[in-house]
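Colleague: In case you want the letters, here they are:
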Amino acid sequence: MPWTDEELVAKSISGDADSFNELVLRWERPIYALAYRTIGREEDARDVCQETFLRAFRALPGFRGQAKFSSWLYRIALNLCRDWVRRERRTPVVQPPEDVDLIEMAAAAEPSESIEDLVARKDLSRLVERAMALLPEEQRTAIVLKEYHGLTFQEIAELVGCPLSTVKTRLYQGLTVLRRELAKNHKAQL
Amino acid sequence: MTDTPFCGYDGDREEALIACLYDDGTNVPERALFEAHLFVCARCRDELAGLRGVRSQLARWAPPEPALDTIRNPPPAIRNPQAATSWWRQLPAWAQVAAALLFLGVSAAIANLDVRYDASGLHVRTGWMQAGAAAPIEGAPADSGTRALVSTGGGTPWRAELAALEQQLRTEMRSVRTAAAQSTAARASSPASDADVIKRVRALVDESEKRQQRELALRVAEVIRDVATQRQADLVKIDRTLGVVQNNLGVEVLRDRQRLDILYRASQRQ
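Just so you know, the sequences run in chain order Y and B. Going by numbering that gives the first Met the number 0, 38 is the number at position 39 of the first sequence; the sequence numbering is gapless. Going by numbering that gives the first Met the number 0, 245 is the number at position 246 of the second sequence; the sequence numbering is gapless.
Worth double-checking, as some hints may not be accurate.
[Stated by the list, open to error] Quick look at which bits of chain B chain Y covers, simulated, 3 or more residues with Cβ under 8 Å:
(1) 12–19
(2) 244–250
[Unchecked claim] The calculated label-pair distances, taken between Cβ atoms and stated as ranges, are:
(3) Y:D82 <-> B:G242: 57 to 65 Å
(4) B:G49 <-> Y:A132: 14 to 22 Å
(5) B:A202 <-> Y:P60: 26 to 34 Å
To be clear, the hints were calculated from the coordinates, so they are not data collected in a lab. The C-beta atom is built at its ideal place from N, Cα and C for all residues, glycine as well.
Isolated chain B (complex conformation):
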């Protein structure tokens, strides 16, 4: 059986204890009632005192000092999420298509692509091959360098279309260059310059290093304390063991002496 005194409080005892403990101004009548009850109830008084003790111990728990610089000055991508996306993603779709076409055009130029269309059909070959190696597409490919893109027997004016395509590509190349130049200028004028980013990254790295050093120092301090305690314990243990060994040795020596003494006496009698 428990020897806890009986509590005859009518209301919700737990709620009343908490309300009394924190007193945030709510439910004043009930609180007054419970305070009156406290005068006659030792159990509630003890519990309230215990809970107050817990509160005072809780006050000892302080979080470590935060490195708030990294919270205040997050990297530019966090400060301005809009800036996190690459500049080229902000280009309009037509510009991205133009860039893709430009890429194809440049690839074709690098490959020195030669497209011919004459009476014998469409010929496509790379410029790295000998001129004589080209073969009409109608038949099997003459060599591995030749690629059949389109096979047609009609009289479509491909040259004119290709010229128009080339012209279009050149126009789009110019517009893409202009857009890229504008974008670069905008980046250069924005506050989040490279130097700023590097500065912030350095600050972050420095902060991280300091934090690691603090943590290490603390751990080392703990290790040193543990080692010192363990060393002391080991020394005591060694001391005790040595004492036991010495004791045993003394006993052995004494016995040996006694044996020798007996032997000596026996030999004297004979």
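So here's chain Y without its partners, still in its complex pose:
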């Protein structure tokens, strides 16, 4: 029988480092995905993910179990994402190293997938990503938490600190904008 989050938290607080590692293993992907979908940059999402666990580790002795551990973790991650969005950081463009043959590298990148397939796959994802980027932060967060993390309306309301009806309204408005934008892009592609 695997340990529950709360049991692992209790063990971590009493000094068992392995228990915290277990929590990290359990939650790193959801937290990374949340960060990536909120801020849209892989590198920064990884930073946010790492910082989330670092803050959680530091604040663990103060965690009294009023909320679920996952909700507490999500809240830390969301606050960090919000800070990131406010700062509107921009990372520098990646510069190719001098001794790297770009053509050769492109050919060796994914031999089983043609360049067209690769680009098409990225394009599909990018369309959604671009449409999501148009949404206000509150609507985007509500959609990400509901759609990709399966949180209940009540859990989202508690996490973001707003009434339940507001969560539903944000979801509706966000999905309506997405519907319009995706339809527009679809027409443009035809």
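Place chain B on chain Y using the hints.
Modeller: For chain B alone, kept in the frame of chain Y given last:
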């Protein structure tokens, strides 16, 4: 005017649509009511279908595979924030004061500081100067190497105090050395050894390089596609332009021939 059909749902339509779309088990009666409404309302049916379509498109958006090793194995400073502070910061205050005094003592030794106190007053001079160059502090400094630290005319026994200070410094030097040795031993026995740190840094660097290579490959693929498309477009454009040029040239040649023909005929008549 819009041709959207009228919806006569009594409750909050937006909330009901969302509840129906996600069905997380809350507010069951209202949901049942809205589902009954869906049978008679084409507008709500269409909108619900549209929102379901959006959800299926959202499912296509997968974040890139994260390099989770760096999250799982952050540098030692992140794994154990307590270890991030330098070892010397963990020394007690008295040891840090002793270290400061030691530093002063060593500086004085390097400068070969000579302090004398006799009937003519207090003399302080550096050892790099000639003995004869020393001058009493009471007057003006004899040379630039001499520093007047304290000027006193009383008969205070400074030598004894200086000897005591020297003794104290030596004691503190010994204790600081012991503390430093203990700290070094503790560092050596801790799991975050230098080799471990280097290994982690290498792993981080490798991971970063791989990530950059992936990103570059993707960008290059995009560039290649763009270049190929642009090339094709340019070829078509060049082809068309050549056709136009050839056409114009043909017309010009024809006109020239006609002109020559007219001229030839005219010359024949004459």
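Colleague: Now tell me if each hint is right for this structure.
Modeller: A quick look at each hint next to the structure:
Counting residues of the segment 12–19 of chain B whose beta carbon lies closer than 8 Å to any beta carbon of chain Y gives 5, which meets the minimum of three for the stated coverage. Given as covered by chain Y, the segment 244–250 of chain B fails the check, having 0 residues with a CB less than 8 Å from a CB of that chain where 3 are the minimum. Range check, Y:D82 to B:G242: about 60 Å between beta-carbon atoms, so the 57 to 65 Å window is met. Between B:G49 and Y:A132 the Cβ separation comes to about 21 Å, which falls inside the hinted range of 14 to 22 Å.
A hinted range of 26 to 34 Å for the beta carbons of B:A202 and Y:P60 is consistent with their spacing of about 30 Å.
Consistency note: the structure conflicts with earlier hint 2 alone.
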